[in-house]
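With chain A fixed as given, assemble chain B onto it according to the hints.
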Amino acid sequence: MTRYLFLLLVPLVPFVQTRFDAVVGTRDLAEGRIYLRTASEVRRFTPGFDNLMADLYWLRTVQYFGEQRAFAPDPHYDLLRPLIDITTGLDPRFELAYRYGAVFLSEPRPAGAGKPAEGIEVLQAGARNLPKSWRVRWDLGSFWFVFMRNSKNAADVLIDASRIEGAPFWLESLAGSFLMGDDRKASRAIWQRQYETGWGAIRDNAIHHIEVIDALDARDALTAAAARFKEANGRFPRRLSELVDAGLVRAIPVDPSGTPFDYDPETGKAAIARTSSQWRSKYE
Amino acid sequence: MSGLKRIVAVAANTFRETVRERVLYNLVFFAVLMTASSLLLGNLSIRQDEKIVKDLGLASMDIFGTFIALFIGVGLISKEIERRSLYPLLAKPLTRSEFLLGKFAGLCFTLFVNIGLMSIGLIVTLLATHHRADPALLKAIYPIFLGLILVVAVALFFSSVASSSLLATLWTIAVVVAGRFSDVIRNMRQVSEVPDWLVTALYWAVPNFRNFDVKNAVVYGDPVPVVALAWMTAYAIVYSAVLLGAARLAFGSRDLH
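Listed in order, the protein sequences are those of chains A and B. For the first sequence, the tail end lands on 357 under my numbering, and the numbers increase by one without skipping. For the second sequence, the tail end lands on 330 under my numbering, and the numbers increase by one without skipping.
To be clear, the hints were calculated from the coordinates, so they are not data collected in a lab. Among the clues, some could well be false.
Across the chosen pairs, the derived CB separations fall in these ranges [as the list claims (entries may be wrong)]:
no. : chain 1 : residue 1 : chain 2 : residue 2 : range
1   : A       : A143      : B       : F185      : 43 to 51 Å
2   : A       : E194      : B       : V257      : 23 to 31 Å
3   : A       : A143      : B       : V257      : 26 to 34 Å
A virtual CB, placed ideally from N, CA and C, is assigned to each residue, including glycine.
Chain A extracted, bound-state conformation (with noise of 0.2 Å):
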């Protein structure tokens, strides 16, 4: 009988338990500690297993962000940064921590650390230490035009990366695209150089692009001419051919596919139809 004595502790476990979460307090998740905060300072305590270190960082990050997101009442992702830092330092080829860790640190809160800043350094660390990687400058080019609407930055990038062995050819085209609201005239000279260069399906969405620029400058042409008239006549014209017997536009132009501008005589802005295969909800 002396043997099963021991089943009468069994009751004290989830006591003595519940009495020390009181007096030393739950875990609290938005708690984390990292002890050695650089790679350098892990890489002295595990010589030759940097790879391996670098894993567990990984790991460590993927499960930080994943508890922060899901589980803390007000997730701040203090320990992102450096927990990225330390998984790239001791595995500076580590491709997809570069990648995965610029999108923890930028996506907005709360899905993210909303710090894309953070984020850019992160992707400009793995383009310096992968100078062969183009998927890390796609990244960093849609970064700079997503989160910071830096379409000449992110231009630059990307075209960096179209030069890379292997790169498809979609980098070049996603520059010109992100280029069209800012600078047109960058952005026809990359569409104009993918024609000269590309064929097939290339060259055709490098005819379409072009063709948008042209209807956009076409429009913008439109609009100054308006302003000009009310310059003039203190009034906007009413309709686009008070334009052309005001002697500002030779005939009253056509997108390239053929279909007359939108003209709103309140506002005198000219715009391509929606009914038009050149419209854009973008560049309106």
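Just chain B, lined up with the frame of chain A:
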């Protein structure tokens, strides 16, 4: 019986003896378990399962192989002395050098078999995760094995010199750890006032286990030149020969009565 036959007999006996060691099975089990755990860890890593399987598999071989070489290696001589099982052996027509070489060869063969088992574990894990059993992994596994041979030589040397297996274990651990920090030793002159000649002497004296570390290069598919493998092999042979020679000297002059 010729000298070579006597060495082979001791080696075979050492192999039989070491494969009966419980610590060996524990370590091999943990090595295979660590490799297999990459099946789970790979899933947590976001599309990096192949890299993690290879990194973990090779690191397991290196870490657990070193433990096996170290903990069994130090017991090869000192335990024989402590248990007094050495005396009847040396009473037979067997020189101390033959005994030492046989012990060394026996444990090296045990390690060879264990590395083979761990490699099979790694290949099975790779196949289970739908990846190719990359033959280039052998370019990392072979240097790991060379490093383990050197650990056995270090362990055997201290086992011959030290008065107890505990002391031999501590000295061997110290040298193996120092050898893994050989790059720090080489760079010492940049951060301290230590004279160059002393740094160089220390760098040459401590067995350089970093020579055998090409795991990262192999995992990333970098070429490992045959000439580099050849120099690694030469280093392992020369250094092990020096240690075995010193062990023979110490063991030969040791008063066992």
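Status of each hint after checking the structure:
For the pair A143(A) and F185(B), the beta carbons lie near 47 Å from each other, so the given range of 43 to 51 Å is met. Checked against the hint of 23 to 31 Å, the C-beta distance between E194(A) and V257(B) comes to roughly 29 Å, which is consistent with it. For the pair A143(A) and V257(B), the supplied restraint of 26 to 34 Å is violated, since their beta-carbon distance comes to about 41 Å.
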